[in-house]
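Peer 1: Model the placement of chains L, R, E, H, D, G and P on the given structure of chain Y, informed by the hints.
There are 8 protein chains.
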Amino acid sequence: MPSIKQLAEQLAAGQISLDRFLQEVARPRTADLGDVQLDLDRPRRCGYPEVVYGEGKSVATIERIFRRQLESGVGALATRINAEQANQLSALFPAGHYEPIGRTFRIGSADAAEPNETSVVTHPGRVAIITAGTTDLPVAHEASETAQWMGAATWIIADVGVAGPHRLLARLDEIRTADAIVVVAGMEGALPSMVGGHVAAPVIAVPTSVGYGASLGGLAALLGMLNSCASNVAVVNIDAGFKAGYLAAMIANRKQ
Amino acid sequence: MPSIKQLAEQLAAGQISLDRFLQEVARPRTADLGDVQLDLDRPRRCGYPEVVYGEGKSVATIERIFRRQLESGVGALATRINAEQANQLSALFPAGHYEPIGRTFRIGSADAAEPNETSVVTHPGRVAIITAGTTDLPVAHEASETAQWMGAATWIIADVGVAGPHRLLARLDEIRTADAIVVVAGMEGALPSMVGGHVAAPVIAVPTSVGYGASLGGLAALLGMLNSCASNVAVVNIDAGFKAGYLAAMIANRKQ
Amino acid sequence: MPSIKQLAEQLAAGQISLDRFLQEVARPRTADLGDVQLDLDRPRRCGYPEVVYGEGKSVATIERIFRRQLESGVGALATRINAEQANQLSALFPAGHYEPIGRTFRIGSADAAEPNETSVVTHPGRVAIITAGTTDLPVAHEASETAQWMGAATWIIADVGVAGPHRLLARLDEIRTADAIVVVAGMEGALPSMVGGHVAAPVIAVPTSVGYGASLGGLAALLGMLNSCASNVAVVNIDAGFKAGYLAAMIANRKQ
Amino acid sequence: MPSIKQLAEQLAAGQISLDRFLQEVARPRTADLGDVQLDLDRPRRCGYPEVVYGEGKSVATIERIFRRQLESGVGALATRINAEQANQLSALFPAGHYEPIGRTFRIGSADAAEPNETSVVTHPGRVAIITAGTTDLPVAHEASETAQWMGAATWIIADVGVAGPHRLLARLDEIRTADAIVVVAGMEGALPSMVGGHVAAPVIAVPTSVGYGASLGGLAALLGMLNSCASNVAVVNIDAGFKAGYLAAMIANRKQ
Amino acid sequence: MPSIKQLAEQLAAGQISLDRFLQEVARPRTADLGDVQLDLDRPRRCGYPEVVYGEGKSVATIERIFRRQLESGVGALATRINAEQANQLSALFPAGHYEPIGRTFRIGSADAAEPNETSVVTHPGRVAIITAGTTDLPVAHEASETAQWMGAATWIIADVGVAGPHRLLARLDEIRTADAIVVVAGMEGALPSMVGGHVAAPVIAVPTSVGYGASLGGLAALLGMLNSCASNVAVVNIDAGFKAGYLAAMIANRKQ
Amino acid sequence: MPSIKQLAEQLAAGQISLDRFLQEVARPRTADLGDVQLDLDRPRRCGYPEVVYGEGKSVATIERIFRRQLESGVGALATRINAEQANQLSALFPAGHYEPIGRTFRIGSADAAEPNETSVVTHPGRVAIITAGTTDLPVAHEASETAQWMGAATWIIADVGVAGPHRLLARLDEIRTADAIVVVAGMEGALPSMVGGHVAAPVIAVPTSVGYGASLGGLAALLGMLNSCASNVAVVNIDAGFKAGYLAAMIANRKQ
Amino acid sequence: MPSIKQLAEQLAAGQISLDRFLQEVARPRTADLGDVQLDLDRPRRCGYPEVVYGEGKSVATIERIFRRQLESGVGALATRINAEQANQLSALFPAGHYEPIGRTFRIGSADAAEPNETSVVTHPGRVAIITAGTTDLPVAHEASETAQWMGAATWIIADVGVAGPHRLLARLDEIRTADAIVVVAGMEGALPSMVGGHVAAPVIAVPTSVGYGASLGGLAALLGMLNSCASNVAVVNIDAGFKAGYLAAMIANRKQ
Amino acid sequence: MPSIKQLAEQLAAGQISLDRFLQEVARPRTADLGDVQLDLDRPRRCGYPEVVYGEGKSVATIERIFRRQLESGVGALATRINAEQANQLSALFPAGHYEPIGRTFRIGSADAAEPNETSVVTHPGRVAIITAGTTDLPVAHEASETAQWMGAATWIIADVGVAGPHRLLARLDEIRTADAIVVVAGMEGALPSMVGGHVAAPVIAVPTSVGYGASLGGLAALLGMLNSCASNVAVVNIDAGFKAGYLAAMIANRKQ
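Protein chains in written order, with the numbering used here: chain Y, 1 to 256; chain L, 1 to 256; chain R, 1 to 256; chain E, 1 to 256; chain H, 1 to 256; chain D, 1 to 256; chain G, 1 to 256; chain P, 1 to 256.
Chain Y with its partners taken away, still in its complex shape (with noise of 0.2 Å):
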């Protein structure tokens, strides 16, 4: 879609008329979907198209954003997605793939409608995703199934906590490759401190509700982790594998 520049540019050079300048100016790139405003300009602003929390959406809802945003020519990614809803985007969506631990649904990737799973991405970054423990790999799915949407080479390194520290080690020349890295983590929080304390990529730390107690529904470990004394960790909100998966694909697809 042409920027307001363009617009501008056609609008001195007579080509459009000033009513469709300011219509385009005021509201460009939006679908109205009724309840739902899509953002399709999303692209061209942020490099990746929008993608739906499934949550509380009904799959008729679901199913309009993806139909018109296959049509604008991006693939198209939920989260959030159960069983249920997965059964019926699959009979909608047959070229769809549904990750059932990470509860993810995507058709394509996320610069191509085309249901083939390999992005055309020039410069795929890799995503290293490493877990505290096995309960925390339904939001390491997540982040992964987010960063191969967007074109990004990813794996998972579970179960590799503090308490066996020797777990770790055991795999940081394979970790020490990876341009970003997850570190996914309930209870203390501690692992991205001591990942951090090991690399030289950017690490999203992602805090989960595991635990019981004082682990207060995964704030412990969020605290934990903004009180990090390793300097290259930041971190996304509980349980947001999504945001942390995007965040470590743009920055590892950036690289090059």
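The hints are simulated quantities; they were obtained by calculation from the structure and are not laboratory data.
Any given hint could turn out to be false.
[Claimed, not checked] Over 10 Å on every C-beta distance to chain P, these chain Y residues come out as not near it, computed from the model:
| id | residue |
| --- | --- |
| 1 | Leu40 |
| 2 | Ala113 |
| 3 | Ser209 |
| 4 | Asn237 |
[To be verified] Chain D is faced by these chain Y residues, among others (derived, beta-carbon under 10 Å):
| id | residue |
| --- | --- |
| 5 | Gly34 |
| 6 | Thr61 |
| 7 | Glu71 |
Where a beta carbon is used, it is the ideal one built from N, C-alpha and C, also for glycine.
Peer 2: For chains L, R, E, H, D, G and P alone, coordinates are given in the frame of chain Y:
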């Protein structure tokens, strides 16, 4: 002092009067020092004398407590003693020892009023005190002085936080000789988990108020430590070096 | 398994190749069970094997971990096992023991895979487990089962909270025979302070989520215990019967 | 002052005008002192006059309030009066009494402006005020002064916290003579539960801001007291010695 | 039961043996019901028997407690009894009374096991129970049943919250006849302050978990009540109708 | 109903008796419906009738309130009405209107019991209701229905949150025609600040419980809105669509 | 300044160049004062100029802002100005007015730079500002000064909190003449609910940090106000007198 | 320094002794400066040297660290340096640079001890630092100095908060040239969401403690940023300008 059983035997044997018996049972072993009810029975019940929390107490009050304790044959210890209090106490008790970083003042040892530095505990335990950063040192010294006063052998390993993990690994052999371990850390409080995962001794974790913002005055470290994934980590109050040293010495001294 | 020093000696002596050396140093003693990285080195480092947190784990996963642990010659313990998981595990491991109140499943003991109930710890410690009310019993049983699996002798003293203070006083002689004490309490969490003031052994306090309103799911009890005026009280997470039992057994077993 | 019923009778009898009636109904018994609307009707409604919270008030404002109260035939009491305010007030009201630990200034008693120390309450109640530690004394004195000003007989039992439980037991006979009991405690706030379990009188618990770290400025003690397992414990705000003394005196004075 | 003084006199007089003396001193008045240590000494110490908190207790446990209490000559009361528990208890104790809104089950009265409804308290007090809204009624009924069981006369004034302030004013004359007042309110918890400003009796405020969002499950009301500007307001735990009724009855019954 | 002034004039004129006068003054305008004290004076004092909070109320109770309100000549509104309650109410009040997304049931309008949809407010104000996302719609509809019942004209602009900022900009001209604006947002709650910075009308911000993790059930949005850097933003409780609609209509209707 | 529509018309008509057009669209109405980007467009968008938050700003910075605002034809207002800042500002702007209790400095009025005190708002609204206690006055004065500067007529009714409820009732007739009401209260924050239940105007509630202990620096009052059972109460930040005055004046000035 | 692999090769080749090998493996690259264990291995592992947190450290300690770092060939940076510390450090290190607003002291650059201002990073990234208000500037400068020391090109865009949204829009073209963006904001913390919605680069959000009342010392902004609806926003601790600058530079410098 006689136990309730011994008193009842004396009463039954006519060795003491009923009035005396009731008086002994009801008011045993408390020294009434005006606003202070000094618990002189503590060594019999708990193994070690009462320790004075110095903050907000006048030197006159502390002096009264100390003199009464020394009379009863045990040493004395006060924590949170500032420089001004220390000057006055040193004049009053020349044999006393002031530790300015940990802000403790002690005379003799827990089981000996005589101001010689060596305790008569027959099997002194070994207590390692580990800190994440240099700003955690005041709390570490408070723990160390307390444990020494109780007869334990202590040493401090400072500034081995998780952001430079090899610093801890380099000291592990030494740490493993301890009978009990105190770990002092602020910010995210991750160090106790890492220490706990490497040793077979109990770890007493002390969160400190070191940090800013989301450290919430030490609450972040406290929550992190309570959620530690290491099984051998128990926690005491924020900045409670005294309690950590006390518990570690009690555990370590029991070992033989 | 060989230590790093032994491996280096073998390397220097030409007994093992460089590749083998590096492999051994980097990946020692972890059993890769897919999503689980089982820490088989734990007994050597920490004295006792890893314990499984059962909540949210499939029976298949738990089975894989148990079999691998038994193969390595140690017993197995899982906590937070519900009735359905227990039924399946009992079928798979007929020698296992399920404790339905504490919701633990254990096989053999920490140092013996053989499912005989008695441990071979040479100097088993004594652990008293005290509760304020009857609703605290599940946490108490979790602590008791854990400590027994580690070789300690345990017993439970229930419903002796501070509102009827003579109930505790009547049991003091018995409590004083313990090498370590676990105190389990919800609501205001005052019992550990009162126990602590009567004994010479370390007290591990466990706040429980028993209560309503301002109990804040156990936070009130947790804060109360952290602020205990008794010097010999350390605290673990809310409802963390496992950790309290683990620490108490570790302390008690060290005594001789 | 006349009640609304009396006023309506006078109106119906033609003894007062409609305007006067409406004025009386709408603006009874408030002394307009500029920024202060002094509630002179309080003794009729609530039994005792308004008490001045001194923090942040100028001596001039306090003087105006005091003079107006004394004119109306009742005594005066101000809390949170610092030494400087006290000096000026003592000069203005030589018959007044300043209590420097509790920081209260009082003249006469609640029902008598005359500055004799004895109240004319016909059946003064007995209020025992108990503290866990010596640092709780300022709050205890504020409670004591308030209750005495209201005509109750009070006495303070200091430093009998739960870590030395025999100290409280030794004073139980004395405590049981009270008509109402105030218990003042910081840190874990366990003392009210223990007192409550031994007596048949209502216990007003006052948490204090004594403590550090996880005491959270008194919140830990407040939560503990709210969750007290003793049935006869109600709670007032942190450091609210005034309110505890007021309630205890009101309860105790009602007994006959 | 004999006091410790009486026992000592008997011992000194040779009327009881030393063993018997020690047994009596150490284990007085506790009925060992397995997991329950029933405090039979409570009426002597605190004036009223122990009350059973029914939530999570089996009917069998409650039955055992009830039977033992009735045997000892006092009535019984259990709170938080759901419909299913009530059905079974009614079958076991036909003379018992179930109050379905307040969810209480009571037999006889605090000082009489006989299931007649009238208590033998010589000077029953009057307890008014006031609610802000209709949804506060369950807590009000729990308070009312408790106070009645203790011998007090009670009545409920419902739905007179501050948004329609004339509703309270219309009932003031009636409220002023009470010896103690319970005020039950959720949301902002403002009603106790307004009641307190109109009466000369102690007000026990009960915050309720009524509300949503920033009511934080009753914490907003709790904080509001603790900060009440009325001097005669003390607070109990959220939804603690039992404790409010208990305290109000204890206060009201003392008045003569 | 007559004011207190009119009543006093009637009393002075001998037109009503003293008893009648006192009765009228003390109990004006409250309908005693058992547990409900319906405030019929509300329209005179506050301009609009009382609104029923439906959660936890029986249909019978709501019916009684509705019938009494309709009798007094005003309409009726209930919020938080679930589908089952709605079915029964629709049968009882066929002229009533149920809005299933906002879960409101209304009859007539605030100033007219007749169930015609149009209000007789002479100068209806305009209220724009803006949401950040589609999941905020239930709260928006509750606000809209409330304001319409009060006679205001309302419209909803959905899904224009700050992540796609041009969506809001495109609707600004339309938004600027409103007399008062309601902004509904969860998560970070940033939309009210952005709306506030573009308009000259008051903004009532409603945080919603939409979000997860650190949204803390809407507290994050609530805090964000309270700290809004826009000067024209006031806040109501989390999910309080009713209150926002009420206030916006009250403000908007006053404008002429 | 020209709107974007006017600019586009000029561009289409060839009256301005494309560069000029883009510059105007992109950078309209911001005065670049170095670290400050002064929003000169605010009066057009929001009806009133930007107000300066004085805390932490140098007098030089404030002077620069003031001079630029006065040049543009509007008045100026700064809040949180301490005595030292005020002295310097008074010297720089002799026509300015400093209010020392509310700590505001204002010149002219929102729509007139001329320093005459009377505003030219054609239909000034009436704003009543009510406080619970005298210590709430600084916040009340900040609100009053802000509203006056915006052209509203204001008056303060102080010290009419709920503990002496007749004080408010006596002022109701006067309060009912207001077009918008600001209620300022600390501690339990109950006053807005009581005011709201008596009036037909919108109430802007301001919690203050007055209180201690469980007032939590104003959080208790804030929560209370958010949960107000009165429908016409909206809330602003703790101590935010400025924002309350701003909103009340905006609402009141709209009425005609 | 040699890697563990290189050391093992040397050992296998007989080039170093076993003792030397073990010493190197265990204590690599830590400079023991007494209480400080300086991590000299950090550049190899993490890409940049350790940075000194100056608060509470003596100038002597900082000097020791700086000298050791400069010897090892890298530059030095300390944050939270007050004016007094800065004066002494400037005397000791004349080539150092003190930034008084951000309170940082730096010598050379991260990869060059030589105190020339230009870094030798081959592909320096571009980091834009944006603030909501002028009081956020200290945090912005800390971020800027840190990133420059690491070799990035930085610039600050101040005072473009959401209340005047055109101020940000006017700078968007410039902002879009950045490789990574730091957004600094207090109060409601809405700016990162708005920036994030306009750009394709990662946004590191820094909440600041700017604000009062419900800002809770920056917690409100922190929670707002964690809940950001923009996908490309990660968060660091309150006031953690250093960490934001560090991460942004690390990301930006990786791009080529």
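Peer 1: Hint compliance check: list the failing hint numbers for this structure, sorted ascending.
Peer 2: 4 and 7
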